[in-house]
Amino acid sequence: MDAFLTSRNVSDILHGLVNGVVFGLVGLGLVLIWRATRVLNFALGAMATGGAYLGLGLLSYQVPFWWCFLLAIPAGMLLGGLTERFLVRPLYGKPEINPIVAMVGLLILIEAVVGSIWGTRQRSVLPPFSYVDFHLGANVVQLSPLAVFQVTAAVVLALAIGALFRFTNLGLQLRASAVAPEVSRLLGVRVSRMLTLGWMLACGVAAVAAVIVSSGFISGLTPSGMEGPFAAGFIAAAVGGLESPTGALVGGVSLGILESFVTDYWNPNLVLPVSLLVLVVVLMVRPHGLFTRQVVRRV
Amino acid sequence: MIRISGLSVSYGAVRALRDVSLDVPTGQITAVIGANGAGKTTLLRAISSLVRPAGGSIDFDGTELVGMRTEEVARHGIGHVPEGRGVIEEFTVLENLRLGALHGRGKLAAGLETQFELFPALASRRKQHAGTLSGGERQMLAMARALIGEPSVLLLDEPSLGLAPIVTRDVMMTIRALCVDRGLTVVLVEQNAMSALQVADRAVVLHLGVVAADDRAEVVRADENLRHYYLGTAS
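From first to last, the protein sequence lines are chains A and B.
Sequential numbering of the first sequence, starting at 26, is according to our numbering.
Sequential numbering of the second sequence, starting at 190, is according to our numbering.
These are computed hints drawn from the structure, not numbers from a lab.
Where is the CB? At the ideal position from N, CA and C, for every residue including glycine.
All the given hints hold, so there is nothing to weed out.
Simulated coverage check for chain A against chain B, where a stretch passes if three residues somewhere in it have a Cβ under 8 Å from a Cβ of chain B: (1) 196-206; (2) 212-220.
Sample of chain B residues lacking proximity to chain A, with all beta carbon distances greater than 10 Å (derived): (3) S194; (4) G201; (5) E253; (6) L301; (7) T321.
All chains should be built: construct the whole structure from the sequences, respecting the hints.
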């Protein structure tokens, strides 16, 4: 058992988990926004960074980690809500490229604003967990209490979002507004509010991903620090078919583990090419993604 | 009572409704009939504020509906079963009904009981996705979903579309029963004029966006000229 837990392959899997859940959460945020409003939010990584900086950056002076963590989530949600309400809503019904251009603009804007306020130096806020990996005798298991916390936080959040959508009346309205806005309105659902809420949830989720990135010991968060996780999260969401929250999460974790193997066995520089290759192959074999039932949507 | 006066709706250069005035009396079935493109669906969409009229007013028991948001019209007790029924295929039968009850006046549990009694076929399929239902079952689900919110007015857009004649007759009898037993006000848009006229109290004939006739249903049914010119049904 010990030999198994400290073996090279298991180490690679454990090592890839933290990145994986970050990718998964970013992918989940993308899917939530795509399902609700058919917008590919290229600014999601930056919005998450903005939320995290509002939470962590402002309070990184002797303020306990938990307060920073808890503040980053509403900060991200606020950013998401404002973006949907004032930047995206006027663009519904316009050509699809319009919101994409707006989101790329927002990405640049947020990174610039965050950089000018807090600087471009890497920042990290250490959670009250040890970053030292567990040991089994003389051997290292590639897992620290910090990593356990990071993965647990992501899993709990994903489960909470899943429960919200599946079991609550609010979730029912969020789903209905996404798939059938006109019918939902006819049944008295305040659809615009639901769409704003969908963006808020997605950006809150992404903000947690940014907090996880910022809470690394060696790594930290920079204003452009979520660009890499965003690219990976986007690949994860696309592999899952952009429609499936589960697909994005599973895709994200798989991608994190795959990257870990590529880094260990091959070459760290090949991480991105391999990820993109996976995306291309999946889209060639199953254009609708791995997790989407192939339904033709009537517009 | 819904009093529509001087209602005009345009889609770009096309005028779908021109100066339409009519009354929908409380507790009765008002059939709106006419050929394709006569403006029947547009009339219902205007009542539900899904289209913005160019002019005119829609008064519902003293409340002006023009300019109100669709979701607020629904919350005022106007149920609307749209063309093509609009059941959410990704949802189960139960989820569709839950959504309908959410902003209605009644309680979910009591509403489910009532609807399953009214449409027994739905009870055994409550866990199924709505996408697996037949055309008739979908129509039942769409009506149950609107009714579970206990609306005072029900707008029905072509309920007979794509249904076998025998199923159509069942649907029409259900509508009649709802009206008689519960005092529901119904606006029934139909291309299938004869089946609508059999259950309606009043009938409005629309022709190219204009009211061509507005009378008691049996009068319209007996009018040879109306049938010939506007309804295209052989006698």
